[in-house]
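Q: Listed below, chain by chain, are the residues.
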Amino acid sequence: MRRLLIIALLALSTVQGLVALGAPEETPAQMKTITWWHSNSGLAGKATDAIVDEFNATVGKEKGILVQAVYQGKSNDVLTKTKAILQSSTTKDLPELVQLDGSAVLDIRDQKLLIPMEDLAKADGYDLTNILEAARLSVTYKNKMIAMPFNSSTILLYYNKTAFEEAGIATAPKTLKELGTTAKALLKTDEKGKVTRYGFANVPTTYELIVWLGQQNGLSYLTDEENGHTGAPTKVLFDENGTMTNFLTRWKELYATGAVENLTSDLNGAFASGRVAMIVASTSNLTTIFSMVGDRFEVGVANFPMVDENATGGVNVGGGAIYAMDNGLGNQAAAWEFVKFATSAEQQLKWHVATGYFPVHVDTYSLQAFEQHLAVNPHYGVAIRQLMASNPKMQGIWVPSAYQIYYAFQSGILKMLEQDLGAEETSKALAKEINSYFAEFLRMQGQ
Amino acid sequence: MKKLVACSATLLSLVIFFPIFYSISASFFTYTDFTSVPARLFSSAPTFENYQRAFAETKLDRFLLNSLITASLGTVLRMTISVLAAYTFSFFTFKGRDILFVLIVATMLLPSDALLIANFSTIRSLRLTDSYLGIIATSLLAPTHIFMLRQYFKTVSPEYREAAILEGCSDTRFLTTLLIPISKAVVITLAIHSFSTIFNDYLWPLLVTNREGMRTVQVALTMLGFSENLDYGPQFAAITLLMTPILIAFVVMHKPIQTSVSTRFTGR
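Protein chains in written order, with numbering that gives the first Met the number 0: chain A, 0 to 446; chain B, 0 to 267.
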């Protein structure tokens with residue numbers, strides 16, 4: 000019995016020690032601590048730490064601000080955690096800054112504790128035109144910039160340059176029609192007729208359609224409320240304005256070449272292994288794809304192919320942004336200091352070089368170091384010129400049921416290809432399905 | 000017939016063995032090995048670099064320690080609670096016993112995801128965030144364990160206990176020197192299961208910790224990869240390291256685990 004008692008006591012004392020271990024770290028009293036939750040891992044994680052360390056050693060030290068960057072899992076986990084705190088009674092555990100991606104906007108934009116980044120910038124007399132217009136509009140809701148774009152990217156065409164040269168193709172395709180011709184020329188089969196190399200691989204879904212539908216006629220919206228940037232969307236527009244039918248018609252022609260593989264995952268891997276000669280992917284994949292391919296073949300990048308000659312809208316800005324939260328500690332100004340630092344011309348250059356996300360500060364583009372970087376890495380120039388030539392009003396969609404919509408697009412288009420359905424009827428079916436998600440959301444919101 | 004059984008058993012074990020083999024093998028891959036065509040089974044130039052990077056890029060040793068502490072502590076506490084509860088439910092009669100048991104078992108139907116935010120609020124009000132207790136608190140009551148132990152204890156005739164008590168044996172002594180030893184197989188199996196579930200948990204430990212020093216290894220796994228990167232090497236190195244303790248436990252304990260699923264207490 001005594002032995003049991005001793006064991007119990009020992010166990011208790013360890014437990015106490017364990018709780019004590021969880022006590023927060025001591026920070027100098029006069030310092031303001033800013034917490035930044037992010038989802039940057041791997042390469043981006045290292046670049047994040049570099050920005051924070053430099054801030055703490057320079058501006059932070061001078062102004063008495065200590066930034067703590069906390070990796071909180073994947074982007075979705077960061078949102079789960081933020082939402083958990085927002086829903087509970089006390090909010091002092093909220094970090095001053097949270098980095099979230101586009102899919103989080105719907106959950107976060109109407110939160111009372113969200114401090115619109117535009118307000119913080121204005122309080123400091125900061126000129127928001129320092130931030131690239133397309134990036135700024137990508138986080139603008141009801142005419143207010145609610146967050147600071149940070150890890151921004153666009154979509155790009157990657158091609159196997161070595162395969163292009165073998166097939167005698169000199170230039171990358173500019174339209175879907177050209178994409179079809181090029182893909183067909185790149186198609187390779189073995190003696191049994193089995194395809195050993197596809198020209199192109201893709202099943203368009205939200206990410207691609209935002210661009211392929213949005214770029215038509217200079218600028219087209221997929222949904223009303225300007226793709227959800229002025230309020231909750233009530234219906235899709237792609238059926239009414241004909242952009243979906245036009246796109247699907249072109250896509251069916253492209254698919255009919257037999258050189259397109261319906262691949263929905265690991266496109267990077269398929270491309271790097273040489274099984275597919277062209278893919279479209281985010282600019283943030285640049286560094287990765289280049290190192291994955293290694294010296295197996297030469298990689299080329301080009302503008303994302305246009306649907307047709309009239310689709311002149313270009314591409315939109317995707318990626319994530321930093322949101323400021325009010326946790327009642329009055330650290331807003333200090334948090335803004337860091338955001339300003341992290342998105343300054345110099346830091347954005349470092350961030351871009353390390354990760355491939357493009358700089359959001361306009362002055363980065365005229366830095367000498369940036370020009371030198373582009374001279375060594377011309378591929379980044381393609382992505383940037385493409386973005387500069389795009390209509391900044393072309394924006395991603397902020398919609399409820401984003402996952403369902405993603406799969407609706409994917410499965411709807413697959414069904415059309417496999418069962419040879421018409422473009423018009425597929426467009427109508429997609430509109431009907433997605434409209435029902437919008438209606439459901441509005442009903443739940445009590446509108 | 001025997002051959003068929005042997006054949007399918009071999010096939011099945013290969014299916015189970017392959018991922019384990021592949022993650023060990025892939026942890027020695029070079030960067031380009033992952034995308035080579037045809038796919039590789041073995042590294043082109045075996046290297047420990049992935050392991051070095053896994054430790055260099057995260058505080059993997061600290062995370063591993065955190066995971067081992069939470070998983071062991073959680074398992075001990077969870078097993079203690081489960082054994083005592085099961086003992087009560089199977090050997091004592093008191094008012095409301097069955098209702099209480101049904102209530103506990105009914106919580107098996109609640110998906111843990113649905114409780115996530117409520118649990119988080121509770122842990123935060125208790126000021127247990129960033130602590131080992133906070134990480135294990137929600138896994139301490141395991142209805143499945145209580146249920147399984149009770150079912151097993153039920154196969155032990157209550158007369159054993161009555162006889163023991165008559166001989167002047169206390170409940171504690173009966174439990175520790177008789178009941179647990181004869182239920183060794185179930186207890187060990189459930190303990191290993193406990194250990195691996197707490198060890199493998201990802202979202203909950205992430206939610207209740209903020210300080211890097213309190214993070215568990217599963218969080219480190221996602222830290223090592225970049226969502227748009229195919230640099231899997233360090234992740235596989237970490238996965239191999241994580242698998243090892245559970246694999247060792249399983250190999251050492253495979254006998255009692257086997258008996259626990261194939262036999263019941265018969266009094267022999």
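Calculated from the structure, these hints are not laboratory results. Please read these numbers as outputs of a predicted model, since none were measured by experiment. Be careful, since some hints might not be right.
[To be verified] Residues from chain A shown here face chain B by an in silico Cβ test under 10 Å; the list is partial:
#: 1; residue: G41
#: 2; residue: L42
#: 3; residue: G63
#: 4; residue: Q67
#: 5; residue: Y70
#: 6; residue: D76
#: 7; residue: S87
#: 8; residue: G299
#: 9; residue: R442
#: 10; residue: M443
[What the hints assert, rightly or not] Covered stretches of chain B (chain A as the covering partner; in silico rule of three or more C-beta atoms under 8 Å from a C-beta of chain A):
#: 11; segment: 109-122
#: 12; segment: 139-152
Just so you know, even glycine gets a beta-carbon here, dropped at the ideal spot from N, CA and C.
Q: Next step is simple, just say for each hint if it's right about the structure.
A: Cross-check of the supplied hints:
1. Interface restraint check: A:G41 against chain B, minimum CB-CB distance 3 Å, threshold 10 Å, status holds.
2. The beta carbon of A:L42 comes within 5 Å of a beta carbon in chain B, closer than 10 Å, and the hint placing it at the interface holds.
3. Using the Cβ-Cβ criterion of 10 Å, the hint placing A:G63 at the interface with chain B is not satisfied: the shortest such distance is roughly 22 Å.
4. Given the 10 Å rule on beta carbons, the hint for A:Q67 holds: about 9 Å separates it from the nearest Cβ of chain B.
5. Taking 10 Å as the C-beta cut-off, the interface hint given for A:Y70 holds, the closest approach to chain B being about 6 Å.
6. A distance limit of 10 Å between C-beta atoms decides the matter here; for A:D76 the minimum to chain B is near 6 Å, and the interface restraint holds.
7. Because the smallest distance between the Cβ of A:S87 and any Cβ of chain B comes to about 4 Å, under 10 Å, the interface hint for this residue holds.
8. Below 10 Å, beta-carbon pairs count as interface contacts, and A:G299 has none with chain B, the closest being about 18 Å; its hint is therefore violated.
9. Given the 10 Å rule on beta carbons, the hint for A:R442 is violated: about 22 Å separates it from the nearest Cβ of chain B.
10. Evaluation of the A:M443 hint against chain B yields a violated restraint, the C-beta minimum of about 18 Å exceeding 10 Å.
11. Closer than 8 Å: that is the beta-carbon criterion, and the segment 109-122 of chain B has 4 residues meeting it against chain A, so the requirement of 3 holds.
12. Taking a C-beta to C-beta cut-off of 8 Å, the segment 139-152 of chain B contributes 0 residues in contact with chain A, too few for the three needed, and the coverage statement is violated.
When the structure is compared with the earlier hints, violations turn up for hints 3, 8, 9, 10, 12 and for no others.
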